[in-house]
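Residue numbers (this note's numbering), protein chains in the order written: chain G, 216 to 364; chain S, -10 to 56; chain A, 2 to 265.
Just so you know, these hints were derived from the structure itself, not from any lab. Among the hints, a few may not be true.
Stated by the list, open to error - Here are the simulated distance ranges between beta carbons:
#1 S/K31 x G/Y225: 42 to 48 Å
#2 G/A351 x A/Y218: 16 to 22 Å
#3 S/Y(-9) x A/K131: 34 to 40 Å
Cβ coordinates follow ideal geometry from the N, Cα and C atoms, glycine included.
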Amino acid sequence: MHPVRKQRLYLVLFMVVFSSAAVALMMYALRGNINLFYPPSDVAAGEAPVGRPIRVGGMVVADSLRRSETSLEITFELTDYEATVPVTYTGILPDLFDEGQGAVASGELNAEGVLEATEILAKHDENYMPPEVADALENSGYDYKGNAQ
Amino acid sequence: MYFDSLHALLTMDGHGAYVWLVYLVALAIIALLVVAPIRRRKQVLQQLAAQPNHVQPVAVSPSAKEL
Amino acid sequence: MFVRRIARCIIAVAMWPIFHKFGSPPWLYAISGAILRWMLPVTLILLVIGAVWGLMFSPADFRQGNSYRIMYIHVPAAVVALAGYYVMALAGAINLIWRMKMADVAMKAAAPVGAAFTFLALFSGAVWGKPTWGAWWVWDARVTSMLILLFLYLGVVALYEAFDNKEAAGKACAVLSLVGMVNIPIIYKSVDWWYSLHQPASIKLTGESTIDPSMLYPLLLMIAAFYALFTCCLLLNMRVELLRRESRTHWVGSLAKRECSDVL
Chain G
216 MHPVRKQRLY
226 LVLFMVVFSS
236 AAVALMMYAL
246 RGNINLFYPP
256 SDVAAGEAPV
266 GRPIRVGGMV
276 VADSLRRSET
286 SLEITFELTD
296 YEATVPVTYT
306 GILPDLFDEG
316 QGAVASGELN
326 AEGVLEATEI
336 LAKHDENYMP
346 PEVADALENS
356 GYDYKGNAQ
Chain S
-10 MYFDSLHALL
0 TMDGHGAYVW
10 LVYLVALAII
20 ALLVVAPIRR
30 RKQVLQQLAA
40 QPNHVQPVAV
50 SPSAKEL
Chain A
2 MFVRRIARCI
12 IAVAMWPIFH
22 KFGSPPWLYA
32 ISGAILRWML
42 PVTLILLVIG
52 AVWGLMFSPA
62 DFRQGNSYRI
72 MYIHVPAAVV
82 ALAGYYVMAL
92 AGAINLIWRM
102 KMADVAMKAA
112 APVGAAFTFL
122 ALFSGAVWGK
132 PTWGAWWVWD
142 ARVTSMLILL
152 FLYLGVVALY
162 EAFDNKEAAG
172 KACAVLSLVG
182 MVNIPIIYKS
192 VDWWYSLHQP
202 ASIKLTGEST
212 IDPSMLYPLL
222 LMIAAFYALF
232 TCCLLLNMRV
242 ELLRRESRTH
252 WVGSLAKREC
262 SDVL
């Protein structure tokens, strides 16, 4: 290759490598803030701030969902299978919110360690299939991820 | 077809508005992406045809020379 | 040393005609016209087939119901938005290193097309998010890095217009798009590196895809159609730019006199 062009090639490579390094360092410094939510184990370990708006994400514990008989208030628990965080929320839940499924709750932790949520987001996973296939899997003793139940 | 009727296709069990909105916007964007450069090419050629004096006889295009 | 020199000679001899031809605007204009004449109709037919398949014939999802049909627009738009950035940055690099004018034309043509696909991915994602997540917009790592991609594309478009000297504009835009390359792996890996609301990819290069074949095939068709659409739009934009830049040359002059009776 012509020396001038070779020099320009090195300049281009230098640019890409150093801008990547700069951004990588920046993201390393900000790594906690890029996460959309805290897992329940971080909350249990006291790493999540109390009394400040945060998000907590995990799986909704089966049979933990309780609805108030007089209002729209509900309570449930979020888990990452290491720790659980109780959540209270007043309002309408997204259609995909369900026990045993992922969810992200945003709100503030109170002194008792309960998340008082102002917004609930349903988290869905990367599995797509027709309802008949899901039923067939369930009938043969597997869940939709293909694990034996 | 997966749906039983045209009505079911349009409403999609309550998700119809979301799905059809996305497909209509996609159609608009794709139409714009394809039609805009075709029309601009026509405009450029028409402008050039209207003022033929600006055309200078350049024998060889210069761009390959740099290599 | 000797082997390397021979290899270099072979590469030079093999590549020279291709480079030479791509550097020739009349040749590029003619060949792109010939390609577009069949590729554009085929692309539009593929898009219609894919959309009808995805909207009417593929089954509903067991959890999301029918809202998942937005995937047939969302995923191809996002895939091509990323691929388009590679094209733009690679063209910019070729222009910086070899000062190849046609690479500059390609870079300038790719930016608005990439911006349109990125916008479509973000918009369809927002509309999909409302019924599934429960929110139009979430400041999730994947969503935010896609928004940065849109700004990078728009930045290249704006920067090109900001310069009077088009050669300087080409260099500045090439540098911007190369620096922006760092965003691409971040978009890909954002859902694995951080806790995010966006789910990981369903189509996996290694291992089994986690999407049923009856839903996967129309998706693959739509991805192929969007790739073809990007190629068509890129060529269409390049042809306009070629005519503008070469407006004082003989071949464009005689082309204008013949006055485009055909559409492409």
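Hints and how they fare:
At roughly 44 Å, the beta-carbon separation of S/K31 and G/Y225 lies within the given 42 to 48 Å, and the hint holds. In this structure the hint that G/A351 and A/Y218 lie 16 to 22 Å apart at CB holds, the actual value being about 19 Å. Evaluation of the 34 to 40 Å hint for S/Y(-9) and A/K131 yields a failure: the beta carbon distance comes to about 22 Å.
In this structure, only the earlier hint numbered 3 is contradicted, and the remaining ones agree with it.
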